[in-house]
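Q: Put chain B on the given structure of chain P with help from the hints.
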Amino acid sequence: MTRHTARISRAGLILIGLILLAGGGTALARGLDAFPAVLGRAGAALLSHAQTRYPAGHAWVWPAAAAAAAVIALLALWWLAAQTRANTVRRLSLEPDRTHGVTVLPADAATGVITDELESYPGIQRASATLQGSPAAPRLQLSVTVEDHADPAILRTRIEAEALAHLRTALELDTIPTVLRIRFSPAHHRHLA
Amino acid sequence: MTGIASRQGDTQALSPAPGPPRAGRADAWSRRGPRRKARRVFRPRRTIPGVLVAAVLAAAGILGAIQAVSAALDRPLWKLPHRDFAGPLQHTHWNDTATLAVAAAVAFIGLVLVLAGLIPGRPRAIPLASGDESVVTGVPRRSLRRSLARLAEDVEGIDRARAKARMRSVKERATTRLRDTAGLREDVHSAVQDRLAALDPLWLPRVKVRLRRKAGG
Numbered sequence: 001m002t003r004h005t006a007r008i009s010r011a012g013l014i015l016i017g018l019i020l021l022a023g024g025g026t027a028l029a030r031g032l033d034a035f036p037a038v039l040g041r042a043g044a045a046l047l048s049h050a051q052t053r054y055p056a057g058h059a060w061v062w063p064a065a066a067a068a069a070a071v072i073a074l075l076a077l078w079w080l081a082a083q084t085r086a087n088t089v090r091r092l093s094l095e096p097d098r099t100h101g102v103t104v105l106p107a108d109a110a111t112g113v114i115t116d117e118l119e120s121y122p123g124i125q126r127a128s129a130t131l132q133g134s135p136a137a138p139r140l141q142l143s144v145t146v147e148d149h150a151d152p153a154i155l156r157t158r159i160e161a162e163a164l165a166h167l168r169t170a171l172e173l174d175t176i177p178t179v180l181r182i183r184f185s186p187a188h189h190r191h192l193a
Numbered sequence: 001m002t003g004i005a006s007r008q009g010d011t012q013a014l015s016p017a018p019g020p021p022r023a024g025r026a027d028a029w030s031r032r033g034p035r036r037k038a039r040r041v042f043r044p045r046r047t048i049p050g051v052l053v054a055a056v057l058a059a060a061g062i063l064g065a066i067q068a069v070s071a072a073l074d075r076p077l078w079k080l081p082h083r084d085f086a087g088p089l090q091h092t093h094w095n096d097t098a099t100l101a102v103a104a105a106v107a108f109i110g111l112v113l114v115l116a117g118l119i120p121g122r123p124r125a126i127p128l129a130s131g132d133e134s135v136v137t138g139v140p141r142r143s144l145r146r147s148l149a150r151l152a153e154d155v156e157g158i159d160r161a162r163a164k165a166r167m168r169s170v171k172e173r174a175t176t177r178l179r180d181t182a183g184l185r186e187d188v189h190s191a192v193q194d195r196l197a198a199l200d201p202l203w204l205p206r207v208k209v210r211l212r213r214k215a216g217g
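Residue numbers (the numbering used here), protein chains in the order written: chain P, 1 to 193; chain B, 1 to 217.
Rather than coming from a laboratory, the hints here were simulated on the basis of the structure.
Check each hint, because a few of them may be wrong.
Stated by the list, open to error - Stretch by stretch, here's where chain P covers chain B in the computed footprint (C-beta under 8 Å, at least three residues):
{"id": "1", "segment": "45 to 54"}
{"id": "2", "segment": "101 to 115"}
{"id": "3", "segment": "127 to 135"}
{"id": "4", "segment": "197 to 209"}
Stated by the list, open to error - Here are the simulated distance ranges between beta carbons:
{"id": "5", "chain 1": "P", "residue 1": "G101", "chain 2": "B", "residue 2": "T47", "range": "38 to 46 Å"}
{"id": "6", "chain 1": "P", "residue 1": "L18", "chain 2": "B", "residue 2": "G121", "range": "31 to 39 Å"}
{"id": "7", "chain 1": "B", "residue 1": "S169", "chain 2": "P", "residue 2": "T52", "range": "57 to 65 Å"}
{"id": "8", "chain 1": "P", "residue 1": "R91", "chain 2": "B", "residue 2": "I109", "range": "26 to 34 Å"}
{"id": "9", "chain 1": "P", "residue 1": "R126", "chain 2": "B", "residue 2": "D154", "range": "21 to 29 Å"}
{"id": "10", "chain 1": "B", "residue 1": "T175", "chain 2": "P", "residue 2": "L173", "range": "33 to 41 Å"}
{"id": "11", "chain 1": "P", "residue 1": "T52", "chain 2": "B", "residue 2": "I48", "range": "33 to 41 Å"}
{"id": "12", "chain 1": "P", "residue 1": "P106", "chain 2": "B", "residue 2": "D74", "range": "55 to 63 Å"}
{"id": "13", "chain 1": "P", "residue 1": "G101", "chain 2": "B", "residue 2": "R122", "range": "42 to 50 Å"}
{"id": "14", "chain 1": "P", "residue 1": "R90", "chain 2": "B", "residue 2": "T175", "range": "48 to 56 Å"}
{"id": "15", "chain 1": "B", "residue 1": "A59", "chain 2": "P", "residue 2": "A11", "range": "18 to 26 Å"}
{"id": "16", "chain 1": "P", "residue 1": "L18", "chain 2": "B", "residue 2": "R160", "range": "25 to 33 Å"}
{"id": "17", "chain 1": "B", "residue 1": "L63", "chain 2": "P", "residue 2": "V113", "range": "31 to 39 Å"}
{"id": "18", "chain 1": "B", "residue 1": "V102", "chain 2": "P", "residue 2": "T84", "range": "51 to 59 Å"}
Ideal Cβ placement from N, Cα and C applies to all residues, glycine included.
The shape of chain B in the complex, shown without the other chains:
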């Protein structure tokens, strides 16, 4: 700490605590806590697959219970008596193609569910720095994408633009009808870069711009 402080100059060396008090935003940028917190908050919740699996499981449990009760009372509810379920199973073998296919499908679905539960997933929002520790701020990715596309379309000479926004990279694809495209890519790049810098994201994404020239201009 002292080595760093002395290199930075005397004014910095006066501050004894690690991390001298700076403006909240600038400070939040470099700390790991807010980043981890933001990533956790905006992580996909997997509610849709969870609800889907829960619904299927509940339906299967209810149907199974009904079937088992009707079998216990020996009063089959359906046209198929429960004993007949055992029939096809006696004539199907473990190494039949159908058995293998079903087993593979079940194992595959299981693998997908495990991965859905384990993989953090792409954050649903780009986290921004915040001056207040209790506030986690983010721009939903879809909104940022559209906003950055509009921003590029506002650049003189750009007809259409599309943007992809990720935490570490922003890709902009712009189309122009201009014959002379000198400097146009740089204009879009700096417009996007400036907007991102103004947003003050916790991770500043790298900006890539691809310009396409459309004939007929």
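So here's chain P without its partners, still in its complex pose:
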């Protein structure tokens, strides 16, 4: 859900893509007899008789293949987990100096306060907030649904100068990197809010 996961997704896609591109390209080049001196004859079989006999004569081949496949599977599962991780903060630590004890606040409490405040603004129908990253320096994902005819400039100023300022004060943070998504909705859906 974050820029970090985006980098993981893109880096993995590039890596896998390059491997497939190189493998497919090489096979294609051999089949088209592009570099017979390097790649071998185009008319040859994919596997020679000697190659098919190789695993039977060498006991290490199948265990090695199993290990390689297991490593690939583990890496793929790790990649999968890294991409789907929500990275949500559940508890916030409020006291930065640990010698004075630790104050822990559930993240829901903090996000609940800011969404309640936002939904009380005229023109905002719904608001949702999630804190991500580390408990000491969280980032905020804020999403508000605004009536079509609300003045966006006034709302944004209020969100930035009031709601976010209140949250910063409450969490005792100087800055909370925030991504604010503003969605629009027809005004007559108000009763759903």
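A: Below, chain B without anything else, positioned relative to chain P:
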């Protein structure tokens, strides 16, 4: 700097720092930092292709490991004994059509994945100016599209409208039943333009309106 300042007048020349302190929004408009940041934040994350490829790879790795272990123990799990996999491969040649097709398909998929990783992609939201450096604001494109379509439909005489929203251009296609469409296109254009200006996007898109007249009005 001094040349610019003196041209702008004495009041501006008093300010020594490049970029005199102005209102946050107006300032954010001209700076490159917020634009780059916003573009990065709203760039497609490629999570769907990433998760898909990771899942396929994990499944292939697991199946491959099982197959290799069963071959190592010489106890095939499937009806097909592992030795028979080598059979067809001995009778297939590098220049067979099937081999070429598979190789081309693999290379093509690889190319698509590399491009998906490299191409930044169209931003998922239109970035708006923000008064606070730590806040990156945007309107998701889908929401903006629908909102601008509703806006055009509110214009007197417009029946239906659809909008396309990109970072640098907004296209609105509106339908009317009116016989006299004089000024209607301009009305839609100015309504959309005003709304966009009120949103204060980091890139102000150009607005294009196409009006179609539907018979039977």
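Q: So, for every hint listed, does it hold in this structure?
A: Now the hints, each set against the structure:
no., hint, in the structure
1, 45 to 54, "holds (count 8)"
2, 101 to 115, "holds (count 14)"
3, 127 to 135, "holds (count 6)"
4, 197 to 209, "holds (count 3)"
5, P:G101 to B:T47: 38 to 46 Å, "holds (39 Å)"
6, P:L18 to B:G121: 31 to 39 Å, "violated (19 Å)"
7, B:S169 to P:T52: 57 to 65 Å, "holds (60 Å)"
8, P:R91 to B:I109: 26 to 34 Å, "violated (43 Å)"
9, P:R126 to B:D154: 21 to 29 Å, "holds (22 Å)"
10, B:T175 to P:L173: 33 to 41 Å, "violated (50 Å)"
11, P:T52 to B:I48: 33 to 41 Å, "holds (39 Å)"
12, P:P106 to B:D74: 55 to 63 Å, "holds (56 Å)"
13, P:G101 to B:R122: 42 to 50 Å, "holds (49 Å)"
14, P:R90 to B:T175: 48 to 56 Å, "holds (50 Å)"
15, B:A59 to P:A11: 18 to 26 Å, "holds (21 Å)"
16, P:L18 to B:R160: 25 to 33 Å, "violated (47 Å)"
17, B:L63 to P:V113: 31 to 39 Å, "violated (49 Å)"
18, B:V102 to P:T84: 51 to 59 Å, "violated (30 Å)"
Consistency note: the structure conflicts with the earlier hints numbered 6, 8, 10, 16, 17, 18.
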